[in-house]
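Chains as they are written, first to last, in the numbering used here: chain A, 1 to 109; chain B, 110 to 223.
Careful: at least some of the hints might be erroneous.
Here are some, though not all, of the chain B residues that point toward chain A, as calculated from beta-carbon distances under 7 Å [as the list claims (entries may be wrong)]:
1. Y119
2. G151
3. L152
4. Y173
5. P192
6. S196
7. N210
8. E211
9. F214
10. G215
11. G217
Capping the alpha-carbon separation at 27 Å, the derived lysine-lysine pairs in BS3-like fashion look like this [what the hints assert, rightly or not]:
12. A:K42 - B:K174
13. B:K166 - A:K42
14. A:K96 - B:K166
Anything over 12 Å on all C-beta distances counts as not near chain B; from chain A, calculated [as the list claims (entries may be wrong)]:
15. P8
16. E15
17. N27
18. E45
19. T50
20. D66
21. D78
22. S82
23. L88
Note that these hints are calculated values from the structure, not bench results.
A virtual CB, placed ideally from N, CA and C, is assigned to each residue, including glycine.
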Amino acid sequence: QKEVEQDPGPLSVPEGAIVSLNCTYSNSAFQYFMWYRQYSRKGPELLMYTYSSGNKEDGRFTAQVDKSSKYISLFIRDSQPSDSATYLCAIDNTDKLIFGTGTRLQVFP
Amino acid sequence: EAQVTQNPRYLITVTGKKLTVTCSQNMNHEYMSWYRQDPGLGLRQIYYSMNVEVTDKGDVPEGYKVSRKEKRNFPLILESPSPNQTSLYFCASSLIRDSYNEQFFGPGTRLTVL
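With the hints as extra help, turn the sequences into a complete structure.
Here it is as structure tokens:
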């Protein structure tokens, strides 16, 4: 079983839609969960991080962690064409980050 | 500007011809790491370094070497490249802290081995 699993998509939605991106993980000891965004031909950049369970909101983005079901989510409200990118979940495993395979999102006008 | 730089950005080479991809960061970060990114496999760690002269293997170290002689530089060396090392490579750096590990990524190096 992979340590982190992520649906690769692609996901194509109209502008203004609510987007839900998800990952599952296997090790209940993980504490820090992150979402990175990667635009085409660029390196990933940190979008949000959360510690343990709960929600964290930043503008149109909400990160959610459910440790009981080992499930992490990223919600994007009022999605924009500029949100078109690949979104990677990541888990901090002390000396390294464990990444999901990434979900490609396209928001069309 | 705080950044991680990589060179070259694109490289086409032939099997067996030694190459080096350079990585440099100007943020005084202790931690540096190399990843390769392949379709369907995501980002996989090759090697990482916790500080100068301290390096360790990641998940896919075979066929690669690294060195960390200075804090800012972390070159990736392919002594005898093979076609299965054709990939997109990223260097990353971060501060070492007790809490989460925000890694800053370089722009990537696309390597093709013929």
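For each hint, the structure was consulted:
1. Y119: Violated, because the Cβ-Cβ distance from B:Y119 to chain A comes to roughly 11 Å (cut-off 7 Å).
2. G151: This hint holds: B:G151 lies near chain A, its Cβ roughly 4 Å from the closest one there, short of 7 Å.
3. L152: B:L152 check passes; min Cβ-Cβ to chain A is 4 Å, inside 7 Å.
4. Y173: Given a least distance of 15 Å, the restraint on B:Y173 is violated.
5. P192: violated, 22 Å
6. S196: At about 14 Å, which exceeds the 7 Å cut-off, the nearest Cβ of chain A leaves the hint on B:S196 violated.
7. N210: For B:N210, the interface hint holds, since the closest Cβ of chain A sits about 5 Å away, which is under 7 Å.
8. E211: With a closest approach of 5 Å, the B:E211 hint holds.
9. F214: holds, 3 Å
10. G215: Since chain A brings a Cβ to about 5 Å from B:G215, closer than 7 Å, the hint holds.
11. G217: holds, 6 Å
12. A:K42 - B:K174: holds, 24 Å
13. B:K166 - A:K42: holds, 25 Å
14. A:K96 - B:K166: holds, 11 Å
15. P8: Since the minimum Cβ distance to chain B is about 7 Å, A:P8 lies within 12 Å and the statement is violated.
16. E15: Correct as stated: the minimum Cβ-Cβ distance to chain B is 27 Å, above 12 Å.
17. N27: holds, 15 Å
18. E45: violated, 7 Å
19. T50: Per Cβ check, A:T50 is inside 12 Å of chain B; nearest 9 Å; violated.
20. D66: Correct as stated: the minimum Cβ-Cβ distance to chain B is 18 Å, above 12 Å.
21. D78: A:D78 is indeed farther than 12 Å from all Cβ atoms of chain B, at 26 Å.
22. S82: Given that every Cβ of chain B is farther than 12 Å from that of A:S82, nearest at about 19 Å, it holds.
23. L88: violated, 7 Å
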